[in-house]
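> Sequence:
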Amino acid sequence: MDVDEMAKKATMKDLKEIAKKHDIKLGRCPTKLKIAKLIPKEELEALVNK
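Numbering of the sequence shown is given in my numbering, commencing with residue 35 and proceeding in unit increments.
Keep in mind the hints are simulated off the structure, nothing from the lab. Among the hints, erroneous ones may be present.
[To be verified] Mimicking DSSO-like on lysine-lysine, the simulated pairs with C-alpha atoms at most 27 Å apart in a straight line are:
1. Lys84 x Lys43
2. Lys68 x Lys42
3. Lys55 x Lys75
4. Lys43 x Lys55
5. Lys47 x Lys75
6. Lys47 x Lys66
7. Lys66 x Lys84
8. Lys68 x Lys54
9. Lys59 x Lys84
10. Lys42 x Lys54
11. Lys84 x Lys54
Sequences are here, hints too, so could you generate the full structure?
Below, the structure written as structure tokens:
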């Protein structure tokens, strides 16, 4: 599955929680796709598959 597709399936709240856990700075107005590209792919896949 592509990062774009996984970003669409994940919720913004969950993506932000993962980014916060990894101390990733999101900037002023992050999109779901931007956050999905920054977080580890394994965590993104686990989020989508849960």
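> Which of the numbered hints above does this structure break?
Violated: none.
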